[in-house]
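Letter by letter, the chains look like this.
2 protein chains.
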Amino acid sequence: MQTAYGAGAPLPVAFAAGDEGAWTIRSMEIRRGDPLAPAIRLDVTEGDGARGAARGSWTLRGVTSNMRYTTRGEATSMTSKQAGLGRPQAHFAALIPIRKSPAWWAMPQDERRAIYEERSRHTSIGMEYLPAIARRLHHSRDLGEPFDFLTWFEYAPEDEPQFEHLLARLRAREEWEYVDREIDIRLARAGPI
Amino acid sequence: MQTAYGAGAPLPVAFAAGDEGAWTIRSMEIRRGDPLAPAIRLDVTEGDGARGAARGSWTLRGVTSNMRYTTRGEATSMTSKQAGLGRPQAHFAALIPIRKSPAWWAMPQDERRAIYEERSRHTSIGMEYLPAIARRLHHSRDLGEPFDFLTWFEYAPEDEPQFEHLLARLRAREEWEYVDREIDIRLARAGPI
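If you're matching them up, the sequences are chains R and V in order.
Quick note, this note's numbering runs 715 ahead of the 1-based positions in the first sequence.
Quick note, this note's numbering runs 715 ahead of the 1-based positions in the second sequence.
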């Protein structure tokens, strides 16, 4: 079946680790739960090809989707500040796969929203780092994947301290008590060979 | 990769139409958008097998997932009233695949919730028909499927007028203005051959 990936349609994305790919893996930190196998490169595929067979050492898949917690006010603020992926100065990237606990997923929408934003300020904190830290969220849980979310960040190398600060703040909040697996993968655009 | 389908974990489900299956198709009404090919039987597969290859005339796939709009209060009311699938007296079923418009999906969470419940009373109306009409929702949009949702209903034949009433009320509300494809498939448990 052909799928059109127009504005707003879910975009499938595959992150395949191995010996090839446009991104060099600088580090991989197992923060919680089971590890992923080490690899030296990461290849990112978008669109129909992203639903295909696994390649390389491991392949993680997700889909960009509709907003799950964001209000109109938050969306308007974010849109006015955020930058897209692929900026020429954004030589660094991070891929942070996380899984949340069964207790998180058993909660109804209002309780998850309250922890996510009213108590943990996830969106508000992230917005403080715009436009320096560009971000794209991929949903994986409904695909039967080992992680629930794959968040991809892009930034200039000189903004990495800001990125560390952003992560430290999010990880210190109540929301992160529900994260039961997390791996922090840092990347750099691979130069010409 | 092995996936455990424990309590609360997303359960993949495939609905395959063709010449075989535990359900006889009584009728198929194209309410909005493109049709599906006619078929005489429907086979329902749950778990890992549901992610496999398409079979028969057409196969629609979805995943049971976490609640997207339901509040704690609503969830508690529903849990106290609703019945499970597979009741012996529930000889009739309905499969209603729907797709919502790009305008729906572009809205942030608070605006979709307001239309879904505060203005269209989707959950409240559905609860009036519990436990007679059992229901299970499957999410399909992030899987790259042609529909966004597959809702499966089970009820006793004598409750079909109630079911018609439920559908008429939901379809008359603002939420349904965002439905751009809908097919209403009615089924009966196939007897011994």
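Incorrect hints may appear among the rest.
Computed footprint of chain R on chain V, listed as stretches where at least three residues anywhere in the stretch have a Cβ under 8 Å from a Cβ of chain R [unchecked claim]:
| id | stretch |
| --- | --- |
| 1 | 726-738 |
| 2 | 749-762 |
| 3 | 770-781 |
| 4 | 784-798 |
| 5 | 855-866 |
A short list of chain R residues far from chain V (calculated; beta carbon distances all over 10 Å) [what the hints assert, rightly or not]:
| id | residue |
| --- | --- |
| 6 | K796 |
| 7 | E889 |
| 8 | A903 |
A short list of chain V residues far from chain R (calculated; beta carbon distances all over 12 Å) [stated by the list, open to error]:
| id | residue |
| --- | --- |
| 9 | M743 |
| 10 | A765 |
| 11 | R766 |
| 12 | Q804 |
| 13 | A829 |
| 14 | L882 |
| 15 | A905 |
Read the hints as simulated data drawn from the structure, not as lab findings.
Keep in mind that this is a model prediction, so the values were computed, not measured.
Note that the Cβ used here is the ideal one computed from N, Cα and C, for glycine as well.
Exercise for the section: Could you tell me which of the numbered hints above are not met by this structure, giving the numbers in increasing order? Expected result: Violated hints (numbers, rising): 1, 2, 10, 11, 13; every other hint is consistent with the structure.
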